[in-house]
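With the hints as constraints, model all of the structure from the sequences given.
Here the protein sequences line up with chains A and B, keeping their order.
Be aware that the first sequence starts at 6, since it is given in the numbering used here, and climbs by one per residue.
Be aware that the second sequence starts at 78, since it is given in the numbering used here, and climbs by one per residue.
To be clear, the hints were calculated from the coordinates, so they are not data collected in a lab.
Check each hint, because a few of them may be wrong.
[Said to hold, decoys possible] To be clear about the criterion: a stretch of chain B counts as covered by chain A if any three or more of its residues have a C-beta under 8 Å from a C-beta of chain A, and this derived list gives those stretches: (1) 93-100; (2) 212-220.
[As the list claims (entries may be wrong)] Derived contacts from chain A toward chain B, CB cut-off under 10 Å, selection only: (3) G248; (4) V252; (5) N254; (6) R275; (7) P346; (8) D350; (9) S351; (10) Q389; (11) L391.
[Said to hold, decoys possible] Simulated restraints, written as ranges between beta carbons of each label pair: (12) B:G221 / A:R64: 46 to 54 Å; (13) A:V591 / B:W190: 51 to 59 Å; (14) A:F382 / B:A89: 42 to 50 Å; (15) A:A159 / B:S362: 18 to 26 Å; (16) B:R218 / A:P608: 47 to 55 Å; (17) A:P396 / B:E103: 51 to 59 Å; (18) A:V157 / B:G221: 35 to 43 Å.
All residues carry an ideal CB built from backbone N, CA and C; glycine is no exception.
Single-letter residue listing:
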Amino acid sequence: MNATLGHAGVLLSTLAALAGIATLATGLLRHRPDLVARGRTYSYVALAGMVLATFALERALVTHDFSLAFVAADNSRQTPLLFSVTGMWSGLQGSILLWSLILAGYVAFAAFHFRRRAADPLVGWALLVGLAISCFFFCLMIGPTDPFAATVGAIPADGTGPNPLLQDNLLIAFHPVFLYLGFVGFTVPYAFAIASLVTGRVGEGWLLETRRFTVLAWAALTLGIVLGAWWSYQELGWGGFWGWDPVENAALLPWLTSTAYIHSAMVQERRGLLRVWNISLLVATFSLTILGTFLTRSGVTQSVHSFSDSDIGPALIGLFAAVVAVGVGLIGWRGDRLRAPGSIDSPVSREGAFLVNNLLFAAFAAVVLLGTVFPLFVQAIDQQSLTIGRPFFDAFTVPLGIALLFFMSVAPVLPWRKAAPGVLRRRLAVPAWIAVAVLLACVAGGVRGLTPLVAFGLGAFAAAVAGRQLVLAAVAAHRRGLGLWRGIVGRANGGMIVHIGIVVIAVGMTGATSFAHSTQTSFRPGESVVFDGHDLRFLGWRKVVTPSEVASEAVFTVDGARFSPGIGTFNGSLEGTPIPAVDSSVVDDVYLSIASAPSSPRPGDGVTLDVYVQPLVLWLWVGGGITAAGGVLSALPGRRRRPTDPVSVPIPEMLDEVAVPAGAPS
Amino acid sequence: MSSTRAGAGRTADLVEERDYLLRSIEDLEREHAAGDIDDADYRNLRAGYVERAAAAIRALETLEAVPAPDDAGAARRAAPQGASSQGASSQGAESLGAAGRSRAGRMRTFRRWLGRRRTRRVLVSVGIVSALGLVTVAAARAAGIRLPGEYASGSVTLTSAAQVRQELDQAALLATDGRIRAAISVYDTVLAAVPDQAEALAYKGWLVRLAGVSARSALAVADGDAILAKVARVAPGYAEGRAFDGIALLEDENDVAGAAAQFSAMRADRPTATLQGSVASSITSHYAALGRPVPRALQGFAVAAAGSRRS
Chain A
6 MNATLGHAGV
16 LLSTLAALAG
26 IATLATGLLR
36 HRPDLVARGR
46 TYSYVALAGM
56 VLATFALERA
66 LVTHDFSLAF
76 VAADNSRQTP
86 LLFSVTGMWS
96 GLQGSILLWS
106 LILAGYVAFA
116 AFHFRRRAAD
126 PLVGWALLVG
136 LAISCFFFCL
146 MIGPTDPFAA
156 TVGAIPADGT
166 GPNPLLQDNL
176 LIAFHPVFLY
186 LGFVGFTVPY
196 AFAIASLVTG
206 RVGEGWLLET
216 RRFTVLAWAA
226 LTLGIVLGAW
236 WSYQELGWGG
246 FWGWDPVENA
256 ALLPWLTSTA
266 YIHSAMVQER
276 RGLLRVWNIS
286 LLVATFSLTI
296 LGTFLTRSGV
306 TQSVHSFSDS
316 DIGPALIGLF
326 AAVVAVGVGL
336 IGWRGDRLRA
346 PGSIDSPVSR
356 EGAFLVNNLL
366 FAAFAAVVLL
376 GTVFPLFVQA
386 IDQQSLTIGR
396 PFFDAFTVPL
406 GIALLFFMSV
416 APVLPWRKAA
426 PGVLRRRLAV
436 PAWIAVAVLL
446 ACVAGGVRGL
456 TPLVAFGLGA
466 FAAAVAGRQL
476 VLAAVAAHRR
486 GLGLWRGIVG
496 RANGGMIVHI
506 GIVVIAVGMT
516 GATSFAHSTQ
526 TSFRPGESVV
536 FDGHDLRFLG
546 WRKVVTPSEV
556 ASEAVFTVDG
566 ARFSPGIGTF
576 NGSLEGTPIP
586 AVDSSVVDDV
596 YLSIASAPSS
606 PRPGDGVTLD
616 VYVQPLVLWL
626 WVGGGITAAG
636 GVLSALPGRR
646 RRPTDPVSVP
656 IPEMLDEVAV
666 PAGAPS
Chain B
78 MSSTRAGAGR
88 TADLVEERDY
98 LLRSIEDLER
108 EHAAGDIDDA
118 DYRNLRAGYV
128 ERAAAAIRAL
138 ETLEAVPAPD
148 DAGAARRAAP
158 QGASSQGASS
168 QGAESLGAAG
178 RSRAGRMRTF
188 RRWLGRRRTR
198 RVLVSVGIVS
208 ALGLVTVAAA
218 RAAGIRLPGE
228 YASGSVTLTS
238 AAQVRQELDQ
248 AALLATDGRI
258 RAAISVYDTV
268 LAAVPDQAEA
278 LAYKGWLVRL
288 AGVSARSALA
298 VADGDAILAK
308 VARVAPGYAE
318 GRAFDGIALL
328 EDENDVAGAA
338 AQFSAMRADR
348 PTATLQGSVA
358 SSITSHYAAL
368 GRPVPRALQG
378 FAVAAAGSRR
388 S
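And the structure:
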């Protein structure tokens with residue numbers, strides 16, 4: 006039943022995508038607006054097919070239908086309901102279905118969003134591209150990654166269950182979903198960029214149309230990456246949150262290029278510049294999401310975040326090559342039309358700062374990309390297994406990150422075109438004094454080291470600049486009788502909240518990496534140790550048994566509060582999985598992970614514990630939340646701006662033009 | 078036909094440039110009114126935009142009046158190509174040549190060269206290739222041999238228990254490759270973190286002893302034996318430790334009773350058939366080399382091991 010429903014859904018989506026492609030292509034090539042307009046309806050049918058397939062797979066997981074090979078491999082009768090549901094993306098086949106569902110959703114939403122312009126060739130080509138990419142993933146599910154394939158041989162009485170690391174943490178319900186919402190979301194702006202190149206309408210129109218899709222995809226990707234780091238921190242027992250692992254890098258790469266794009270798109274909207282660069286960034290962003298999927302799902306690289314090997318690598322690398330070839334080919338073809346009508350008047354201007362920021366992001370992405378794929382290239386050519394460790398990444402990314410913090414501080418106060426020294430002095434004076442005060446406070450508080458001091462000082466500078474912009478926006482909104490909350494809504498204001506979130510992350514990352522302490526200590530029951538100002542006492546062992554898990558937990562008190570790191574075995578497996586415990590606060594985290602313990606500890610047995618004390622880790626997760634929230638706020642409609650409105654200060658005439666609502670304070 | 082198309086393309090470019098510059102002037106007015114741009118910059122920028130817009134309009138009018146390809150080419154030459162060419166259109170080739178002889182003229186020529194689209198493209202390409210080359214060289218220098226448990230990039234480790242496991246696997250691989258010194262060094266790393274780690278102690282002791290035997294160094298052999306004796310003390314339930322210590326007692330000290338005791342303890346720990354086979358092989362080889370029969374106390378281990386091998 007589940008297999009039949011699922012196969013029907015996948016087949017329906019595939020046929021709908023093919024029919025949509027044929028209809029749109031015919032309409033566009035034969036100049037038949039009626040066919041172009043009709044093409045969008047197929048995207049709704051494709052979405053309906055994916056919803057049906059997803060329902061079938063979730064039903065199979067929840068009811069433990071082991072007649073499906075995917076369910077038999079990734080589910081068991083003991084798996085709790087939540088992790089049965091999330092089991093869909095615990096394995097390759099289900100995660101391709103999730104990707105396809107989200108993609109079909111985005112394409113259908115774009116078709117609905119642009120329904121009044123359905124006959125427009127720009128929209129038609131964009132939908133065609135979207136459906137073609139969807140069709141690729143639907144076809145994967147018909148072929149090598151069929152989630153509804155039948156179990157070979159006798160149907161087992163019970164399944165093997167998901168990977169232990171994927172059934173022990175609530176974050177697994179959100180991290181992959183948000184990551185995919187981000188990855189897949191860039192399909193829409195990519196499709197419109199391709200459509201603009203095909204139709205020759207390479208002006209700023211398509212850029213404005215897809216801005217919200219881009220920003221929301223970026224916010225989702227940000228949240229996905231931060232949640233992934235949080236999952237890694239809570240689950241893996243290594244006390245870290247980012248290790249430049251290939252899969253982490255694969256998620257970071259499109260984030261870097263899309264962040265650059267969000268900034269440079271403003272330069273194109275405002276000044277008509279950087280057209281080739283913007284389209285190139287979008288092509289790079291989308292192609293890097295496909296590269297990321299290849300790295301994660303093909304088995305070409307091992308990773309702590311990679312849970313499946315497969316033979317879909319050639320198909321994914323083929324899609325990657327096609328995406329790059331089509332993008333680059335069309336950019337070359339439309340080269341003349343992409344020529345900007347002007348140039349940057351002065352390097353000390355908003356557009357000048359954005360250009361430098363883009364170059365820094367591009368350099369950052371190049372370093373991460375090379376560091377990730379270099380060993381793979383060498384392995385492919387020379388059969389030699391190499392690794393590039395953290396020092397390589399740190400050597401480049403720390404100075405690049407600090408330079409980006411600096412430009413994040415200065416760019417928001419720079420006017421377009423040219424900045425006079427007086428204007429800059431006026432706008433940067435208060436933030437600069439705040440930065441100096443924070444720097445002095447850090448030195449007085451015992452902070453030492455060039456990198457942390459520079460990071461904290463620049464962080465304060467950037468946060469103060471963003472805060473100043475938000476206060477000005479809130480005051481302007483209040484003067485117009487719109488309410489202070491309008492000061493945080495809209496692209497510029499939401500962007501400032503994003504900046505504050507990034508500063509919080511940067512401060513957290515600096516604190517956690519620069520001032521971390523760790524030790525490995527053995528305890529007997531009743532013994533206590535003071536480490537880095539925290540009192541740790543081992544009380545003894547306890548056994549926790551649930552239907553899916555048997556865990557031996559070492560009960561500790563940390564500064565009086567009780568925490569229980571343990572080692573769990575799932576679904577009758579013999580191999581133990583560490584279950585760290587974290588005492589988290591705004592100041593620091595005390596992270597406990599069992600280093601060694603008897604396989605079946607008795608009450609009197611001792612334990613050897615890894616203890617990590619890391620300052621400001623909580624700031625990372627809070628900063629991630631602020632950043633994603635800022636992204637969403639920047640996608641909400643703010644005050645309607647004319648393309649030529651000044652950016653920094655509302656001018657009196659504009660204020661006069663806004664009608665004050667009745668009853669509003671004057 | 079193609080010349081008409083080229084002329085239309087040129088007209089479209091000029092229209093876009095004109096609109097862009099007129100929009101920029103309007104934009105500039107607002108920014109100046111808002112206080113973003115000070116008076117001096119405002120005057121300079123405005124003068125530049127007006128001059129370029131006027132040139133674009135003049136070129137457009139020329140094109141519309143005589144839309145022949147040659148005139149379109151003339152109009153293209155007349156129109157400014159961007160901010161860098163601002164003010165340069167009024168200068169003739171002759172005056173340029175004269176200025177080129179002076180320092181200021183050379184600087185102007187250099188700036189014009191720098192401002193050319195093709196020059197900029199070449200410079201940007203050279204810059205990108207150089208930067209990528211630099212990063213690639215840095216990556217090649219930073220790359221190291223990937224050992225078991227490591228990933229293609231990054232430094233994620235799981236728990237310290239997993240770290241120890243990874244290092245033990247690395248050491249075993251090195252020892253298999255005959256890189257004994259490197260393997261001992263990795264075992265030392267493990268022992269620095271966990272001093273009583275049984276596997277690291279046993280295999281380090283065994284490798285040190287073998288190196289001593291090979292180099293005929295009694296001191297090294299004694300060091301190895303001491304480490305193996307420690308394994309039996311700190312990890313009495315570790316079969317490999319018992320087996321290695323037993324062989325060392327037999328071969329180095331001819332302590333038959335001590336060896337038999339270690340082999341008995343090993344057997345109590347349910348050793349693998351491979352380990353038992355190794356023990357048996359060592360016993361038989363030792364007595365074959367001596368030309369003596371295997372003593373009664375050890376015969377059971379040789380026979381049992383042979384049985385294990387057969388199975």
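(Q) Hint validation: V252 of chain A versus chain B, beta carbon distance must be below 10 Å. Holds or violated? (A) 9 Å, holds
Q) Can we keep the L391 of chain A interface hint, with Cβ of chain B closer than 10 Å? A) For L391 of chain A, the interface hint holds, since the closest Cβ of chain B sits about 4 Å away, which is under 10 Å.
Q) Regarding P396 of chain A and E103 of chain B, is the given constraint of 51 to 59 Å on their beta-carbon distance met? A) Given about 52 Å between the Cβ atoms, the range holds.
Q. Falls inside 42 to 50 Å, the C-beta gap from F382 of chain A to A89 of chain B?
A. 43 Å, holds
Q) Cβ-Cβ distance between V591 of chain A and W190 of chain B: within 51 to 59 Å? A) 57 Å, holds
Q) Under the criterion of a CB-CB separation shorter than 10 Å, is R275 of chain A in contact with chain B as hinted? A) 8 Å, holds
Q.
For the hint 35 to 43 Å, verify it against the beta carbon of V157 of chain A and that of G221 of chain B.
A. At roughly 42 Å between Cβ atoms, G221 of chain B and V157 of chain A fall inside 35 to 43 Å, so the hint holds.
Q: Return the status of the interface hint for D350 of chain A: holds when the least beta-carbon distance to chain B is below 10 Å, violated otherwise.
A: 6 Å, holds
Q) Was the hint right that G248 of chain A lines chain B, CB cutoff 10 Å? A) 3 Å, holds
Q: Count the residues of the stretch 212-220 of chain B whose CB lies closer than 8 Å to any CB of chain A, then report whether that count reaches three.
A: Contact hint for the stretch 212-220 of chain B vs chain A: holds, 7 residues under 8 Å.
Q.
Please check whether P346 of chain A passes as an interface residue: C-beta within 10 Å of a C-beta belonging to chain B.
A. This hint holds: P346 of chain A lies near chain B, its Cβ roughly 4 Å from the closest one there, short of 10 Å.
Q. Should the hint that R218 of chain B and P608 of chain A are 47 to 55 Å apart at their CB atoms be regarded as holding?
A. 53 Å, holds
Hint 15 from the earlier list is the only one contradicted by this structure; the remaining hints agree with it.
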